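Chains as they are written, first to last, in the numbering used here: chain A, 232 to 423; chain B, 9 to 339.
Don't read these hints as lab results, they were simulated from the structure.
Computed from a predicted structure; not experimentally measured.
Even glycine gets a Cβ: it sits at the ideal position worked out from N, Cα and C.
Incorrect hints may appear among the rest.
What the hints assert, rightly or not - Computed footprint of chain A on chain B, listed as stretches where at least three residues anywhere in the stretch have a Cβ under 8 Å from a Cβ of chain A: (1) 55-64; (2) 196-206; (3) 222-229.
To be verified - Looking from chain B toward chain A, a few residues come up when the C-beta cut is under 8 Å (computed): (4) Ala-28; (5) Arg-29; (6) Ser-52; (7) Ala-330; (8) Gly-331.
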Amino acid sequence: MPLVMDEGGIRRALLRIAHEIVERNRRVGDIALVGIRRRGVPIAQRLARSLLEISGREVPTGALDITLYRDDLMWHAVGPQPVLRSTEIPFSIDDRRILLVDDVLYTGRTTRAALDALIDFGRPRSIQLVVVVDRGHRELPIKADYVGKNVPTSARQSVQVKVSELDGVDEVVIGEIGEHGGHAPAAGEAAP
Amino acid sequence: MNVARDARQPAAGGQVQPAARLRSKHLLSAGDLSREEILLILDSAEAMKEVGARRIKKVPTLRGATVVNLFLEPSTRTRTSFEIAEKRLSADTLNIAGGTSSLLKGETLVDTARTLEAMAPDMVVLRHAASGACHLLAGACDARVINAGDGMHEHPTQALLDAFTIREHKTRFEGLKVAIVGDLLHSRVLRSNMLLLSALGADVWICGPRTLMLPGVERFGVRATTSLDRALEDADVVMLLRVQAERMQGHFFPSRREYFATFGLTAERLRRARPDVIVMHPGPMNRGVEIASDVADGPVSVILEQVANGVAVRMAVLYLLAGFDANEGAE
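All chains should be modelled from the sequences, with the hints used to inform the complete structure.
So this is what it looks like as structure tokens:
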């Protein structure tokens, strides 16, 4: 499978994004990171570490599971039923600038679900979207504010972001759907 | 309580991983669930519990789904628990209670089911006085059927919420001594709990008067005794069962006072159990019959936690059954 980003590539991209976040959010004091399960969570935690080094401030970090907000549970199932995991946002999001973090931006449906979920937790001042890879093919009017890398793909391809915390390795690879025998969305890629 | 469980570490002492999905579109018996499926339900319930802790305790998951709560036997806590669970998942709920249904006018359960079917509910939650009513309904209509207690047969969601509550306190099931004490004969809660806790590897003891003992209990792999002290010895969990006077035609014990003297759980007798024992009761309690008030209200009692956990567990069951895909689930 073609390698799109290696460990160094991911590290540099996240560091650059952390600098951009500080640049665009003058007052780091009111920002918070929320990672979308599963791979958005370790990525958000890495960004929090970089933000601490750059700005000297601890940025509250949470984890969001969007399963209960998906639009394909009962009537439009496109794959196996997703495993439900806990949402942990141990701080108030009211009046904060929220940085929503995901690994891959594809159709935008995951982001849509995440926005609905976040709004149920309160009324943030703003929500910005951070992704490691933008692979195109949007089905909803959604755009990322911070992108690690734009990767043009075809709909027949799958993009996998692997993180050492969950996959034992840091890399981004492109595969052909069906290459490993399943129609199911590959790891690291949200189902449409 | 909200520990990160994302890593899905295997339960201590075993390598059992939760199943990816349920194998049936109905929940009729705790005995139909594999250990992996039970863990899937418990893990999902943990995520659901977090929803209940939010300011807005509602998610859009079952939007547009219709759930009929068909309660043909009196029930307050199970019915309200299901109803809250359904509402938190945004389902449309319809309650049909025994007193208001046509069953009083002579309609059979299957006819009621067909009438309901014409209204196309996605799920039916059934409480019925006859054992096996849920199996009958599941065979007669297309909706997913959840057993909310059928006669003296089973009450699977109660057993699931009990297991969930035990796991929150004990983190493991293997080798855990669970003493279930009370009216064994009439208890659907007991049957579901024996099936579920045995599947999870717990060491289950049942205890009650000889007249209320369950025949053929060995096949559940549990130990039976008429000695409360033996049952309580080193117990990690004590689960009491309600003395079900309404199901007793005849005399099973001389008096409530005598029952309490022999089988009632008091602080004194509880000293035989482990120091970190928890005491459970599915409710409604008969204070001074199966349990002393100071135990029911004391620090070892998790009875109110059971009620709270019931909502989360039922949300998990509704969610998992709703997402059941007939093609995919076929094995």
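Evaluation of the provided hints:
no. : hint    : in the structure
1   : 55-64   : holds (count 7)
2   : 196-206 : violated (count 0)
3   : 222-229 : violated (count 0)
4   : Ala-28  : 6 Å, holds
5   : Arg-29  : 5 Å, holds
6   : Ser-52  : 4 Å, holds
7   : Ala-330 : 5 Å, holds
8   : Gly-331 : 4 Å, holds
Hints 2 and 3, counting from the list given before, are not met by this structure.
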